[in-house]
Amino acid sequence: MNAFITGMGWLTAAGSGRGRGMGRFFSASEGNVMVPSRKDVFRNRDERFGRMDPFSKVGLAAIAMALEDAGIAGDPWRNQTVGITASTQRGCLDTDVNFFQTVLADDGQWPSPHLFTYTLASCFLGEAALRFGLTGPSYILHEEKTFSLAGVRAALLELTDKDAHVMIAGACDLPLPRELLSDLDEYCPGPAGAAFIVVESTPGPESAVYAPIHEKSGAIFVNEAQVRSLDELIIRSQLSDNRLLITDKLE
Amino acid sequence: MSRVFVKDMRIFTALGDLQNTFSALIAGQTGISRVNRGFTGIGATIHILNAFQNSSRINPLIDLVLSNLPVLPADTLTITASTKAGIDDLERYFRQKKTSACKTLPQWLTSHVRNCLGLNQPGFAVSAACASSTIALAQGAKAISSGRAQSVLVVCADIVSEFVLRGFDALKALDRRACRPFDQNRAGLSLGEGAAAVHMVSEKIAGKAQSPMAGEVMGWGVACDAVHITAPARDARGLIKAINCALDRAGLPSRDVGAVNAHGTGTVYNDAMELTAFKAVFGDRPLPVYSIKGAVGHTMAAAGAVEAALGLMSLHTGLIPPTVGLEHPDNGALGYVSSELQVLPRKVMVTTNSGFGGINAALVLGLAGSEQ
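Chains as they are written, first to last, in our numbering: chain G, 2 to 252; chain Y, 3 to 374.
It is worth saying that the hints were derived from the structure and are not from the lab.
Misleading hints may appear alongside valid ones.
Calculated pairs, DSS-like style, for lysine-lysine (alpha carbon to alpha carbon, straight line, at most 30 Å) [what the hints assert, rightly or not]:
id	chain 1	residue 1	chain 2	residue 2
1	Y	K100	G	K146
2	Y	K349	G	K163
3	G	K146	G	K163
4	G	K163	Y	K281
5	G	K146	Y	K99
6	Y	K206	G	K217
A quick note: this is a predicted structure, and the numbers were derived from the prediction, not measured.
Assemble the whole structure, with the sequences as input and the hints as a guide.
Written out as structure tokens, the structure is:
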């Protein structure tokens, strides 16, 4: 089944961006990812954002930018069947380490309940669902590579199976926590960052499409060309000629 | 679209393997007791895992459900589910620096299963809090139903660790005694550890099999509340949507469902939310609802598949286990949940799980080959 990429947003070591209007091209480079502040992501007050762990902030920021890019971040989409699938390699390891330090401190008298809440890699999907009213299937896929296509593949299958009308798909990883660098560096290679795309099976009349996308036997094709990683997918989509309104195309 | 059959299933909980766990459930026994692994608390642990002190308990736990599996087709798709996998190795790493923390990464579990069984298809690891293995089963069922796979193995596991026990304790989510699902005085959950391996196959493979199928996954549904991160939606909107989606996919009216295996954690809000959902979907008829968490604890990511396997045992035997820990049913649970053994009047049941982030998942299970 053909679907359409209608939005994209990212936050990597090279900076943040979205497909339209920022004049930036996606780049996934090695290095630290700057964790965004609430003002970087939401114009309005958001009481929870400041309390979230860095992994969730980075993931939520990329999702918010992708939805804004697609023009579907507003209330009309509230409670529609929109799902999220994301791949990760390191998940919330950084938060795991920070939480366990609170278990080790003071003979374990005061483990942080707040940090513990974020020791599930899927937490930021719930944060996004809460803010944008996304009620479709949402889950994390743990992969051996960063910027894997697993989330996109899963999203396309959710659309094919008609379990959602719109899917937000991508990947999210922070750098390894420094405490685990010597142990896991070889096991967890690859750049950090988050990148998400919005994929719609039947874009609305006002949707602007970057490129058609489809899955075949596990492989992902953008504009009929196979892509092998999420960064390649986003760059290819950005360079696509299909950034036209559907209505323009019909005319 | 292919029907999805369960060819084989293995579990291991604090009450033993599948047969022993089911027998103990029917007898109303509990595996919840004092935990003593260098940290203390209440939980349903597997005692033979206590001996493993220098490496993660996730390995021997997985071995308990993989060891006697028959040879699977090499192109079997592997789907795994775990919330924290070998998190005890992370604890050990920080305390002793003598071990690697790589088993903390859930993708390790997928590689381990594939290597152990000689499976050559790349698999994946699902993480969706306490609904992880329910979603893993749904993913496997989708793959078979659509023809993308003929054979899928879902393996899930979680252990009781200091990390998780201290975390839930800090959240004040643990009952000080064994948990009491659907009870007026319920006061939180009890952690458990467990694993499951569920082998699902297509109609084509089932037709060629020499032995009868263990059951059928008839429908599945996944939905998010989009209401709160740690608390369920009071109006149960996500769970209602997930169950209705699962029933639609199964092509069954709600009246055909004979019982519901609830998530039934023993927390005040979860259990109340579930009763709201069941009444919304199934109406006021006295539908048997039960929870096994008073017996095996909350096995986290493994809960969904452990409960699905035990649900199929209920369908085979026609027996619904008593809800262990239930003493004084919540007003909303009267006529639904019982501390007594019940009879399963139909050949279809629903099993549900919900988790942090507002995620909900439901499966419709049936006896293989039965006409509903």
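To see whether the hints hold, each was checked on the structure:
1. Y:K100 <-> G:K146: 26 Å, holds
2. Y:K349 <-> G:K163: 27 Å, holds
3. G:K146 <-> G:K163: 28 Å, holds
4. G:K163 <-> Y:K281: Between K163 (chain G) and K281 (chain Y) the Cα gap is close to 27 Å, so the pair holds against 30 Å.
5. G:K146 <-> Y:K99: Within the cut-off at roughly 25 Å; holds.
6. Y:K206 <-> G:K217: Judged against 30 Å, a Cα distance of about 22 Å means the pair holds.
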